[in-house]
Amino acid sequence: MTVAPATVERAAPGGRRLRLPDNGYRWILGVAAAVVAGLTAWFLVSLVVQAWPAFDTLGFSWIFGKTWNPSHGAYGLLPFILGTFEVTAIAVVLAVPIGLGTALALGYLVPERTRGALSTTVELLAAVPSVVYGLWGLIVLAPLFREYVEPFLTSVLGWTGLFDGPNQGVGLLLAGVILFVMILPTMVAISRDVLVVVPDEQVEGAMALGATRWQVLRKVVVPGARTGLLGAFTLATGRALGETVAVALVIGNSPYIAHSIKSPAATIPSLIVNNFGESTGTELAVLFAAGLVLLVIGIAVNSVARWLVWSTAGSTAGAAVP
Amino acid sequence: MSAVVDAAPGLPADPVLERRRAVQAAAASSLRRRKLWSGLALGVCWAFLAIAVIPLVAVVFYVVSKGLPAWSVDFFTKSTVPEGVPGGGVWNAIVGTVVITTIAVVVTVPLGLVVGLFLAESDGRIAASLRFTADVMTGVPSITVGIFGYIAIVRNFGYSGFAGAFAIGFIMLPVITRAGESAFRGVPTSLREAALALGARKAVVARRVVVPTALPGVLTGVLLAVARGLGETAPLLLTILGNQYLQWNPTKPMEALPILIYNNSSQPYADLVQVAWGAALLLMVVVLVLSVGSRLLAARLRKERR
Chain A
42 MTVAPATVER
52 AAPGGRRLRL
62 PDNGYRWILG
72 VAAAVVAGLT
82 AWFLVSLVVQ
92 AWPAFDTLGF
102 SWIFGKTWNP
112 SHGAYGLLPF
122 ILGTFEVTAI
132 AVVLAVPIGL
142 GTALALGYLV
152 PERTRGALST
162 TVELLAAVPS
172 VVYGLWGLIV
182 LAPLFREYVE
192 PFLTSVLGWT
202 GLFDGPNQGV
212 GLLLAGVILF
222 VMILPTMVAI
232 SRDVLVVVPD
242 EQVEGAMALG
252 ATRWQVLRKV
262 VVPGARTGLL
272 GAFTLATGRA
282 LGETVAVALV
292 IGNSPYIAHS
302 IKSPAATIPS
312 LIVNNFGEST
322 GTELAVLFAA
332 GLVLLVIGIA
342 VNSVARWLVW
352 STAGSTAGAA
362 VP
Chain B
23 MSAVVDAAPG
33 LPADPVLERR
43 RAVQAAAASS
53 LRRRKLWSGL
63 ALGVCWAFLA
73 IAVIPLVAVV
83 FYVVSKGLPA
93 WSVDFFTKST
103 VPEGVPGGGV
113 WNAIVGTVVI
123 TTIAVVVTVP
133 LGLVVGLFLA
143 ESDGRIAASL
153 RFTADVMTGV
163 PSITVGIFGY
173 IAIVRNFGYS
183 GFAGAFAIGF
193 IMLPVITRAG
203 ESAFRGVPTS
213 LREAALALGA
223 RKAVVARRVV
233 VPTALPGVLT
243 GVLLAVARGL
253 GETAPLLLTI
263 LGNQYLQWNP
273 TKPMEALPIL
283 IYNNSSQPYA
293 DLVQVAWGAA
303 LLLMVVVLVL
313 SVGSRLLAAR
323 LRKERR
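Residue numbers (our numbering), protein chains in the order written: chain A, 42 to 363; chain B, 23 to 328.
The set of hints was computed from the structure by calculation and includes no laboratory data. Among the hints, a few may not be true.
What the hints assert, rightly or not - Some chain B residues near chain A, calculated using beta-carbon distances under 10 Å: (1) SER60; (2) LEU135; (3) ARG147; (4) ILE148; (5) PHE154; (6) PRO234.
Note that the Cβ used here is the ideal one computed from N, Cα and C, for glycine as well.
Using the sequences plus the hints, can you model the full thing?
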């Protein structure tokens, strides 16, 4: 393909003049690419530069400090790092089995006529803004959790010690559940995509050997899509880690390390969004630095996810998935 | 061994046949157990599907049933009023969202698509790293983009609609780039080669063949990116500040629908929460119309081409 056009160009009359616009075309593409690369670099550099005063004046130990009390110069980030991971863990623990089961059902169990409609519905729900989930969680789900869900879970699982403390509705558990509902459509959509590309020959071969439908799914389809599934889960994890407003509305925003799954807590994004308006000087730099910590975690998780999805489904898969 | 009936007397037993028999015997003896497990496990899958559908349906149901009563003529034509004052609407937030999204779209769509074209046309190491960068940027926590908008624009020019558009555009850019790339890559090589064989220059091929053919995919990608940009809240909280008055001027602080929902939902006043539900319904309807519309449009353009 590269040889033919070159010959054609040379054969065209007035070739030298005609080639100039082609260079112009390449020039435009190059400039646009450079602009995007430059923007990305600007983003990373400016964040590091603005966060630097925090590391300069406080060192690095504050990242793992337990106390957040800016008026006394205590900028411990640990409660928020833990909160971020705890909320994400609740969401992922719920979303992995349920998302996988749903994706298997959508890809292989649901009758073919309704399959398309259901899958489209799930994909559409992935586009619902997160603030809407947050509103629903705060107004509808929080009272339900306070009156029914949390008392029930405490009476059943109270012996584990995970459910100590008062039933408040808002807190780690509700934030995790909201994130679960929020990342589920993304997870199901990508999982379904990687599950249905497992070659039919393998599925039919297993069926011909007398495997039951579940055996086919468990021993052929899921292992065949393993890397892609892992990518889908990691991508959803990344979304959960970075979510701001839905979590900030339902987590209760308490700057202490949670002692129970029902406790109010805070995450790095909710810390930033709640304290941004009234911060100056060192505290503002600390918030920038907290954002940098979040960015590093987020980019690490995302790079792993993209790499995993690429290695199964090819580099163009999942491009349009948020 | 002697159980193999087909083997002629005196000849050694056929190992393949023997193996098949053993497998079939094992399969038959475990069939009941395996069918039971299969039924149970598939039942769990169905149950998970139900668990997944219930909250998603509940979200849509609540937003519609609580948001619809908030809709009125005033809701779409008047600006927000403080708690206690009757009437008022979300016109200022609608204007803000429309102005901010429009600016973001006008700047990012051409830029993103040109970069998408670059990625589709080149396979070198630069393209690969740019592709990876775009992918990773798609998943960057939106709050950090808000911080970037604050550092880059707000610090120098103050809170403004432009700062919000900058942050939203930054979030939309990688989505458009990658969607554009996959659409441009979907154009059959034979089409490009035919055009090149006719003596067309690469720029002409791109303008007359690649871009028109890829248009359905491009449109879908752009509309999905817009849908995503419309709902972003965190970056706006750090860049446009919010404004209870009508403001068309993007150099000034503006209101936007996601911010209004976020601020109102944690208010202890029922009528402010009601406005939040109405705004949530509006936002959800627009986002869903864009998503569904993009699919229908793409399907129709594809059909026309055939």
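Now for the hints, and whether the structure bears them out:
The restraint placing SER60 of chain B at the interface with chain A holds, with a minimum CB-CB distance near 4 Å, inside the 10 Å limit. With a least beta-carbon distance of about 9 Å to chain A, the hint placing LEU135 of chain B at the interface is held under the 10 Å criterion. Taking 10 Å as the C-beta cut-off, the interface hint given for ARG147 of chain B is violated, the closest approach to chain A being about 13 Å. Contact between ILE148 of chain B and chain A, as hinted, is supported at the beta carbon level, the nearest pair being about 8 Å apart and thus within 10 Å.
Interface restraint check: PHE154 of chain B against chain A, minimum CB-CB distance 7 Å, threshold 10 Å, status holds. Below 10 Å, beta-carbon pairs count as interface contacts, and PRO234 of chain B has none with chain A, the closest being about 16 Å; its hint is therefore violated.
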